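Participant: Turn these sequences into a full structure, and let the hints steer you where they fit.
Protein chains in written order, with the numbering used here: chain A, 119 to 288; chain B, 119 to 288.
Read the hints as simulated data drawn from the structure, not as lab findings. Since the model is a prediction, treat every value here as computed from it, not as a measurement.
For chains that are exact copies, the list does not tell them apart, and a pair is met inside one copy or across any two.
Quick list of in silico lysine to aspartate or glutamate cross-link-like pairs, DMTMM-like style, CA-CA up to 25 angstroms:
id : residue 1 : residue 2
1  : 148       : 160
2  : 200       : 130
3  : 148       : 253
4  : 200       : 174
5  : 197       : 174
6  : 200       : 127
7  : 200       : 213
8  : 200       : 211
9  : 200       : 147
10 : 258       : 217
11 : 250       : 220
12 : 197       : 253
13 : 197       : 211
14 : 258       : 275
Protein chains: 2
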Amino acid sequence: MELKAFIRDIPDFPQPGILFRDITPLLADKAALAAAIEALAEPFRKDGVEAVAAVEARGFIFGSAVARALGVGFVPIRKQGKLPWRTAQLSYDLEYGQDTIEVHRDAIRPGMRVLMIDDLLATGGTMVAACKLMETLEAKIVGLTFLVELTALAGRDRLGTYRIHSVIQY
Amino acid sequence: MELKAFIRDIPDFPQPGILFRDITPLLADKAALAAAIEALAEPFRKDGVEAVAAVEARGFIFGSAVARALGVGFVPIRKQGKLPWRTAQLSYDLEYGQDTIEVHRDAIRPGMRVLMIDDLLATGGTMVAACKLMETLEAKIVGLTFLVELTALAGRDRLGTYRIHSVIQY
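Facilitator: Structure, rendered in structure tokens:
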């Protein structure tokens, strides 16, 4: 199935000069959605994955679905103040300002084999932070899986020490 | 499977006097996650559902997974300014202030049979708004499915005209 055919290009969003890759037509198509979930999960089926983790909000779109496909649990990583239990936190720089993400401390056991997921690999800034956060709890990052990779932004270089899979590349 | 056993009670979050029902232990457990996805989907298997829709961020946790379980597509409803294409919008009152949600206009055909999903039914304010938004595009709301229902907050009464299913009640 040619999943790229379900991605819609939208010029000048969210700002002039940016070409936005809109995945909502893919999500809306039952066959494309099923194929995307399988394509995200498939390369990691033999890697002993014990949990899938993702950062809100867009990471949640595929997080539980891929966890279900792999027969494992799902660990949500959230913006500061949303998780109610004891958390590990990590702050990281954005283009303008800073952001802080959190995960429940009891979501990860030392050595736990975690697959990280997001819909989009752009500069990789959020994913670098999410991986570091998981590693503060001694998670073993088995790999990173993305639906769309914007290769020109070189996120893959920033995440160089991890095994990276992307379903669609631009 | 007794899914309630995987919900953690956290007193005084996000503010004193509130008892927060934390679903993250359920998400983290592979069998509980799988059972929850099935329990959310199962009552609607024979209703000709054509799409599952959910509001970010927590609604996304189960949205695609339940869409996949039903063999249909997923329609994300987002906060204002996040969706790149032509949208329908709806503003609604919160306890303090207002919020606006959006959906892509081309995500819904008139008469399309949509199942709405969220992890939590509390007062029902966001879900009322989400249903109204879908109906501005002439969606047919087949039902609403929630993982957790806080019955004391009477969200069910505000959503009285819809068919409502909840997996766990308090």
